[in-house]
Amino acid sequence: MVEGRRAFVYTAAHDSGPAKPSVVFVHGAGLDHSWFGLQSRYFGYHGRNVLAVDLPGHGRSEGPPLESVGRIADWIVALLDAANIARASLVGHSLGALVALECAARYPERVERIALLGVAFPMKVSDAFLEAARTNEQAAYDMDTIWGHAPRVPLGGNPNPGMWMYGDTLARLARLAPGVLYTSLKACNDYAAGLESAAKVKCRALILIGRRDMMTSPKSADALATAIAGGQAVHIACSGHSLMAEAPDAVLDALIDFLG
Amino acid sequence: MAGPKYPGFDTLALHAGHSPDAATGARAVPIYATTSYVFRDTEHAASLFNMERAGHVYSRISNPTVAVLEERVAALEGGVGAIATASGQAALHLAIATLLDAGHHVVASNSLYGGSHNLLGYTLKRFGIDTTFVSPREPRNFERAIRDNTRLVFGETLGNPGLDVLDIPAVAGIAHGAGLPLLVDSTFTTPWLMKPFELGADLLYHSATKFLGGHGVAIGGVLVDSGRFDWEKSGKFPQLTAPYEGFHDMDFEEESGTRAFLLRARREGLRDFGACMAPMTAFQILQGIETLHLRMPRHVESTRKVVNFLAAHSMVESVGYPELASHPDHALARRLLPRGAGAVFSFNMKGGRPAGRAFIESLRVFSHLANVGDAKSLVIHPASTTHYRMTDEDLEKAGITAGTVRLSIGLEAADDLVDDLDRALKAAQRVGP
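If you're matching them up, the sequences are chains H and G in order.
Each residue of the first sequence is one higher than the one before, starting from 1 at the first, in this note's numbering.
Each residue of the second sequence is one higher than the one before, starting from 1001 at the first, in this note's numbering.
None of these hints come from the bench; they were simulated from the model.
It is possible that some hints are incorrect.
[Unchecked claim] Just the calculated beta-carbon pair ranges, DEER-fashion:
1. H:R5 with G:S1135: 26 to 34 Å
2. H:R5 with G:G1025: 48 to 56 Å
3. G:F1039 with H:S16: 28 to 36 Å
4. G:E1043 with H:S16: 18 to 26 Å
5. H:S16 with G:G1246: 54 to 62 Å
6. G:K1005 with H:T226: 28 to 36 Å
7. H:P151 with G:E1245: 53 to 61 Å
8. H:A199 with G:R1271: 19 to 27 Å
9. G:E1043 with H:K124: 37 to 45 Å
10. H:A128 with G:G1103: 36 to 44 Å
11. G:S1019 with H:I256: 41 to 49 Å
12. H:A128 with G:T1042: 35 to 43 Å
13. G:A1033 with H:N84: 50 to 58 Å
14. H:R5 with G:K1005: 37 to 45 Å
Source: prediction; values computed, not measured.
For every residue, glycine included, the Cβ atom is placed at its ideal position computed from N, Cα and C.
Here chain H stands alone, though its shape is the one from the complex (with noise of 0.2 Å):
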């Protein structure tokens, strides 16, 4: 229970020790803790402490899903409460990205490392995809699938055997209940603390970027990085959006360097 609230994380089966360091995995918008499934089983696997979390509102966590940013930052911190742990390094792709960067800003004391995947400042929302994700859910679920990877994807072969990229973004969309995305990417959209949390971030800072983002630009996630002192971009070549599944390995690499 996180604030009064049912509330799910993904450990990779095992349990959680004081000994051992903890990384907290923080999906993106409509997403869920399966979005870094391989990832965070191996720091499960490596001697970590994983909670990958399932935002309030989506997959196996109680709603309403949070409004804002800096709510679901507090959020986390309260999980990490609920969970005994006084310090943890935080992995966040696109809305989870923003969190943890606030996480850090707000809580220096309970954040180790943060590592944004797939983000950027402003992090705006077109209006056209807040409009559907309003009123018209399915093409926003589109919208977010053929944005969300990269142009090659749908013409290209998934590392992950004999899986399909779009579908099963589609389908883990499908499982939303009304207004979660909308209200995950407004939450997005929103956030204008960006820079000012930035100049707050005390710890080392990893920014992973997808060379072929077509939600969060790579120019922007550049400048977010130059604006963290601690900030160490790097770049994927044939990324988009969703890296976890566009390039496991790559991420997964950059993160054993990250957080060692």
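We have chain H already, so just place chain G on it with the hints.
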């Protein structure tokens, strides 16, 4: 920002699942004839085995050529992914063995391919899985047959051999109301004629031997998951939602969400039952899929010409093709199969067995054999071949008589096919009843 657009069916049929080979630049899908894959180091090996990294370990579990086929079919069907198998029957078995244990029950259409009827009606019984067969013509029949231990509802998009059209939206609604997935055999329709997931089916498979491959050169199957069935919410599938001792206590649904079914089917089903597809087979089927969107319209167009010819012939008692107003599922076919009702159908000849024999043996262009969905036109007599194990009563339930002849219309000139049938029917007429 311009609105997003998915690639069209034709483009996916040619490209999905494959980029030009990174090592050689080969444009065609390379045939990776290898059993296994070199690990970079011991850590890499451990990560692959423990599913911390994506990749190939051993070709019974996955192979790069086979993976292209799997991804391509999943793309054409709108699924989350697919598993290619040694045959269509292996795909059906893999689906059932992944979801059902001894003591469980299937509700199936009684209008099935004979091999599927054998598997469900006889073979799986030996392993403690029972099946109730129902007429698909009335969807409520499925509902009436569901028991507490039912775990799967199953039918063919176009029933074999009477071409009963499965009312997928209605049957899916019934299955979902009972917390059960609907599996369909989509072999006769292919994704070009029907997308069962868009109609509500949860799982589907193809005998890729047929129209997907399309040239009668390779045996194979493909099992596809829509990723839409909520196994956790159903509460009836601990196989996917509880820790499994046989795979490191993995809870497949927790681990992978929408990919739970395929994860267990691959990691248990291919690992233990081993009915995988060979890379050469995958290559051959991929060659077929690259022209699926060109072949299927021609198959259907020629079928319509042949159907119209037979329907007007004095030696023909009846033609069972859903596009004919006389077919009981005519209205349903118009709704669910607007592009056509396929290229396999049956007709009943007058004149009994001697006339039937004369007919079959007089054909010159049609080949008499046990297959369908070839580029070449095929003919068979179900009562003595594909359905020979069925009792007379079961045959009658499936709409088959001693005079039933099944045709699979190929890509030859339609006029030549009509001439061939005309000649053979005249020969049958000479033999008489």
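Hint check:
1. H:R5 with G:S1135: 26 to 34 Å: Cβ of R5 (chain H) to Cβ of S1135 (chain G): about 48 Å, so the range 26 to 34 Å is violated.
2. H:R5 with G:G1025: 48 to 56 Å: holds (53 Å)
3. G:F1039 with H:S16: 28 to 36 Å: holds (31 Å)
4. G:E1043 with H:S16: 18 to 26 Å: Given range 18 to 26 Å: holds, Cβ gap about 24 Å.
5. H:S16 with G:G1246: 54 to 62 Å: violated (26 Å)
6. G:K1005 with H:T226: 28 to 36 Å: holds (35 Å)
7. H:P151 with G:E1245: 53 to 61 Å: Roughly 43 Å apart at Cβ, these two residues miss the hinted range, so it is violated.
8. H:A199 with G:R1271: 19 to 27 Å: violated (52 Å)
9. G:E1043 with H:K124: 37 to 45 Å: holds (40 Å)
10. H:A128 with G:G1103: 36 to 44 Å: violated (52 Å)
11. G:S1019 with H:I256: 41 to 49 Å: violated (26 Å)
12. H:A128 with G:T1042: 35 to 43 Å: Violated - the Cβ-Cβ distance for A128 (chain H) and T1042 (chain G), about 50 Å, lies outside 35 to 43 Å.
13. G:A1033 with H:N84: 50 to 58 Å: With Cβ atoms ~53 Å apart, the hint holds.
14. H:R5 with G:K1005: 37 to 45 Å: This hint holds: roughly 39 Å between Cβ atoms.
Comparing the model with each numbered hint stated earlier shows that hints 1, 5, 7, 8, 10, 11, 12 do not hold.
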